[in-house]
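Asks: Could you slot chains B, C and D onto chain A? The hints should help.
There are 4 protein chains.
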Amino acid sequence: MNKVRVGIIGAGRIGRLHAENLAHYVPEAELLWVADVVEEPARATAERLGITHWTTDYREVLADPKVEAVLICTSTDTHAEIIQAAAAAQKHIFCEKPLALDLYEIEKSLRAVKRAGVLLQVGFHRRFDPHFRRLQELLEAGEIGKPWLLKITSYDPAPPPISYVKVSGGIFLDMTIHDFDMARFLLGDVEEVYATGDVLVDPEIGKAGDVDTAIVTLKFKSGALGVITNCRKATYGHDQRIEVLGEKGGLFAENPLPHVTRMANESGYRTSPLHYFFVERYREAYIAEMKAFVEAVREEREPPVTGLDGKIPVVMGYAAKRSLTEHRPVRISEIDPSLG
Amino acid sequence: MNKVRVGIIGAGRIGRLHAENLAHYVPEAELLWVADVVEEPARATAERLGITHWTTDYREVLADPKVEAVLICTSTDTHAEIIQAAAAAQKHIFCEKPLALDLYEIEKSLRAVKRAGVLLQVGFHRRFDPHFRRLQELLEAGEIGKPWLLKITSYDPAPPPISYVKVSGGIFLDMTIHDFDMARFLLGDVEEVYATGDVLVDPEIGKAGDVDTAIVTLKFKSGALGVITNCRKATYGHDQRIEVLGEKGGLFAENPLPHVTRMANESGYRTSPLHYFFVERYREAYIAEMKAFVEAVREEREPPVTGLDGKIPVVMGYAAKRSLTEHRPVRISEIDPSLG
Amino acid sequence: MNKVRVGIIGAGRIGRLHAENLAHYVPEAELLWVADVVEEPARATAERLGITHWTTDYREVLADPKVEAVLICTSTDTHAEIIQAAAAAQKHIFCEKPLALDLYEIEKSLRAVKRAGVLLQVGFHRRFDPHFRRLQELLEAGEIGKPWLLKITSYDPAPPPISYVKVSGGIFLDMTIHDFDMARFLLGDVEEVYATGDVLVDPEIGKAGDVDTAIVTLKFKSGALGVITNCRKATYGHDQRIEVLGEKGGLFAENPLPHVTRMANESGYRTSPLHYFFVERYREAYIAEMKAFVEAVREEREPPVTGLDGKIPVVMGYAAKRSLTEHRPVRISEIDPSLG
Amino acid sequence: MNKVRVGIIGAGRIGRLHAENLAHYVPEAELLWVADVVEEPARATAERLGITHWTTDYREVLADPKVEAVLICTSTDTHAEIIQAAAAAQKHIFCEKPLALDLYEIEKSLRAVKRAGVLLQVGFHRRFDPHFRRLQELLEAGEIGKPWLLKITSYDPAPPPISYVKVSGGIFLDMTIHDFDMARFLLGDVEEVYATGDVLVDPEIGKAGDVDTAIVTLKFKSGALGVITNCRKATYGHDQRIEVLGEKGGLFAENPLPHVTRMANESGYRTSPLHYFFVERYREAYIAEMKAFVEAVREEREPPVTGLDGKIPVVMGYAAKRSLTEHRPVRISEIDPSLG
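Chains as they are written, first to last, in the numbering used here: chain A, 146 to 485; chain B, 146 to 485; chain C, 146 to 485; chain D, 146 to 485.
Please keep in mind that the hints were generated in silico from the structure rather than gathered at the bench. A portion of the hints provided could be inaccurate.
Any copy, or any two copies together, can satisfy a pair, since identical chains are not distinguished.
Claimed, not checked - Straight-line alpha carbon distances no greater than 35 angstroms define the calculated DSBU-like cross-link-like pairs of lysine-lysine that follow:
#, residue 1, residue 2
1, K366, K311
2, K393, K352
3, K436, K259
4, K291, K311
5, K291, K393
6, K211, K352
7, K378, K148
8, K311, K211
9, K393, K311
10, K311, K436
11, K148, K436
12, K378, K291
13, K148, K211
14, K378, K311
15, K436, K366
The following block holds chain A by itself, in its conformation from the complex (with noise of 0.2 angstroms):
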């Protein structure tokens, strides 16, 4: 068996999350490199790992032969130069959501990929839980007939400190981004969007220029409807479930609890609060993903989620943000009209 030999670029949580994944679960794939731009999470990784080579600068990884994909879990504003540099180097690449927050930045790395012929992943990793995905199949082998109506519940147990609001490019680019992947994932491409949000949960939030709490509404270029809602606090948990309403029936993708045990007394029952952290609640997704990508690589065909698929959604948030500004709905082929 020829494993995959793969670099990590980015040893912050997400980073680690992916490298240590790599290293117990994927069993195709071998570390050889992991790189930070601060040597200490590059050098402790590494050696954790049992990981050969640590580096703070990331073209090493690229400049090693032996290399044949690299993960890029840096912060969103270098992404678009280190795809690029990637795409060069002929490496394949698997890239953290969102690919950029600048678009014409997008364009150009889909574009540099596409002329060096190496395979993009990019990390929606939501489309890899076992229960958003069974219900995908269900959607897709036509239990329910034609689908009408979607709905999308996405809330955060707490909000992210305000420093990183600030850099986040916003709410629908931050964290909308991954419902509107999964909006298109389930029923195809959106025609137009209607977002409404206002400042809940957190007044710094409101003077960071975002909101936390949100409402977008959907139009399907197949008719369909759909809605997100938002909010950055949700005390019980991440709280994430999707329901489909179709001709024959409905769809209901419920939380997984952390565990199944209930308790009885006079107060009436009671289980387990949701999953608070995001890499608890989508453990099981976070390591079908690296699979995915590292079977791609191997098999050397399309990933499950393209550049294309990474570009889109921020298109989508861009649109949501109009939406929001302009106090109207908002198609997406205003943002980019290769995509009416």
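Replies: Showing chains B, C and D alone in chain A's frame:
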């Protein structure tokens, strides 16, 4: 429409419940009499429900030629006498459970009923519960094939007064008797029981010569096995569930909740406790039971819970009692050879 | 006890339902009259429930000095006229929703009611559903703190006849109107709506000038956000759920099931579908609604759903209609400046 | 970090499972050896997991001074011999259940372990299941006060091969043994058992001298009561639930579902069936079990499931067997007076 003209004998809690159900939900019945040895409840019930006659002597009810059927809702020790008198007066009979604690009296009553050719229905209301009935229908429809294993959970929210415990005949004849009937309703006759039990809830129950927590295992004539768990106290309400495992699957009758509104916070999700009072838990069952009796009388056909159905659970209760005392499995035929 | 003497005007499905509920479950009321423009249902209902008087002319009911209150259960286009006549006759009024489709007629009716000093309750029965009421109580008790986000799911099992669709006023005035009332009941007044909708269930509904699937987002005066999803068809029954996310947690009113018996086999666990008919789904709500009206009349105090509560959802329906047509968010005050 | 150096003896299904779990999820352990009487699984497992040494003679493993601990995953009849040899070689021991079917051999093994001063953990993996563990923690924390009634449901999805049934020691020593351990884990030691059982699933099991469906009632030394229901077949999967009723309430460990996506249509709501394979159902439990053993060895302290914990359920199995045969309750002390 000729209404079935009914007299109620016994205006305690259960008598009043049946009276109200007949008055409100069974338009096919007409209440003519309320009798109770105590004047006040008889008169008050009659007045409240607009019933013309009340009396402290049930023989007045039996003497009224317009009365077609009586409900016997008096204390257990009077059931046999009244059944026999009612049969002699050619009245159809609904009698609360248990028919009697004395098996010889039960025999005499059943013979009297047979001789008179009147109808007799015994008050095992749980057979009319929509959830249990649904389970029974699915079972009978063969949805899980041959049944192998029956599990009945039956906990009361709180023990009855000790004064009642003393005259109740003990947990097996007072509480488990419902579960014995349910077992027969679902899987047919039982061959042998083994009972274990202890005083865990309240030492006073032990002093009254009873246990408050019990497990009874059943061997059905069909070869299937069963187990009943009973407890006099469950802080979270009236816990009444049934499971059947069979060759093709399982059936599960859960507890209906008073309302299905949940609350979530850091401690998890919380639902309502269960119904506390059996009259709420079995509200629909009590109404359906009365409808069934009135319908049987109108159509002069065998009621859905017969005299024999009333007798056998008493026999099973004595078998369980002997099993607990003698610390060994006891065959039903040891108590009543005719049921061998 | 002095009973409230009631006349029912309109003996169609909903009129008969209220008549039966009053007869069986509201001993504080006495039904004196049943009126219907068609003789048969008036007479049949009177006979079946033992009501002395019936008529094809509702003015006879109003002319009877013994009648204290009337229920108006006729077709929508007659509500205003009858309300005004009843007010003039000094009768207290329960009127089915919607008060009228014409806002000017509503205004006239409310003024007539006010002038006459009679009580008026409007038929938003869902406020009396035990599950929704429980949610409202927990909300009001502050269990989840300040509410941020309301989600109402409201699907019918199957579309009404096209003939009805044509006179219904459209989905927002016929179906969403209940959800608008619920939104106000839970979170107070709404400032702005945005509606999107399409014809997905049945093209005939489109030909009748209506949509059959819709999403309405709401901005509450409190700052909270809301979303209502509607569809005229859900194969699995009457799907009616409510969620509220707030600063301290979440509240979830689920669908009550007709029975809680599950079946398991190789294909998984299967529960009952939902109630199909709204009269079953809201059986308890309809009874509680009648009790509340009769109690308000007896105690001569403001009913729990006032005339203004009857009017505002109609205004909201027109706002949603305009939003759909003009493809933009619409403020409630655009329809009725007095609600600014 | 000094890793615990482990040798695995027995590379059948469960041995390979532990090997993989150690390799992937227990970085504190290092696998040095795989032994199996058959060459192929030993070599293949070693190669797949990158383990340096493999052998068909477990004595080679014991002879390696670098080995600190061994996992005994061979067939039950060899456990005692290997335990004694491993103890003599001063290796710490993890041994799969049951320790042995012969109580005398168990005694000898425990004495050898004690004499050698090595650690012994027995493979009751269910104690490490997160759902059951949560229940145990809530129980221990006093959340329901004093426990009164324990109910364990434990059904396999399908019977094992008849060849296995013949050497398994019978259902009580093969299947119920896990439930006996769970009963002790939760409520402490048992005084008396009563077993009933029959051949309902497959007559071949009867011909092999065993039953396939059983109910075992337990009397705990604490006074509490318990009941275990077992069946060799449940079409809907591995059904493993636990309930405890106590003075302050109830605890319920339900079955975790492979995915929480439901589908609704005219037939109702449908969820996933249960996990079919125990390795999936108890995936997390097996990992946690290995972590616990390795940790105990590293810290040289008593493992969480001791030799005595391994022995007592075997004694309970013999008591249940005798109860079934002699058709009477049997005290544990009849089988082993030291447990009186």
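Asks: Give a verdict on every hint.
Replies: Taking the hints in turn, this is what the structure says about them:
no.	hint	in the structure
1	K366 <-> K311	both (33 angstroms within a copy, 28 angstroms between copies)
2	K393 <-> K352	between (46 angstroms within a copy, 22 angstroms between copies)
3	K436 <-> K259	within (23 angstroms within a copy, 46 angstroms between copies)
4	K291 <-> K311	between (40 angstroms within a copy, 26 angstroms between copies)
5	K291 <-> K393	both (8 angstroms within a copy, 32 angstroms between copies)
6	K211 <-> K352	neither (48 angstroms within a copy, 62 angstroms between copies)
7	K378 <-> K148	neither (42 angstroms within a copy, 41 angstroms between copies)
8	K311 <-> K211	neither (39 angstroms within a copy, 55 angstroms between copies)
9	K393 <-> K311	between (44 angstroms within a copy, 25 angstroms between copies)
10	K311 <-> K436	within (33 angstroms within a copy, 42 angstroms between copies)
11	K148 <-> K436	both (12 angstroms within a copy, 28 angstroms between copies)
12	K378 <-> K291	both (33 angstroms within a copy, 13 angstroms between copies)
13	K148 <-> K211	both (11 angstroms within a copy, 31 angstroms between copies)
14	K378 <-> K311	within (17 angstroms within a copy, 43 angstroms between copies)
15	K436 <-> K366	within (31 angstroms within a copy, 49 angstroms between copies)
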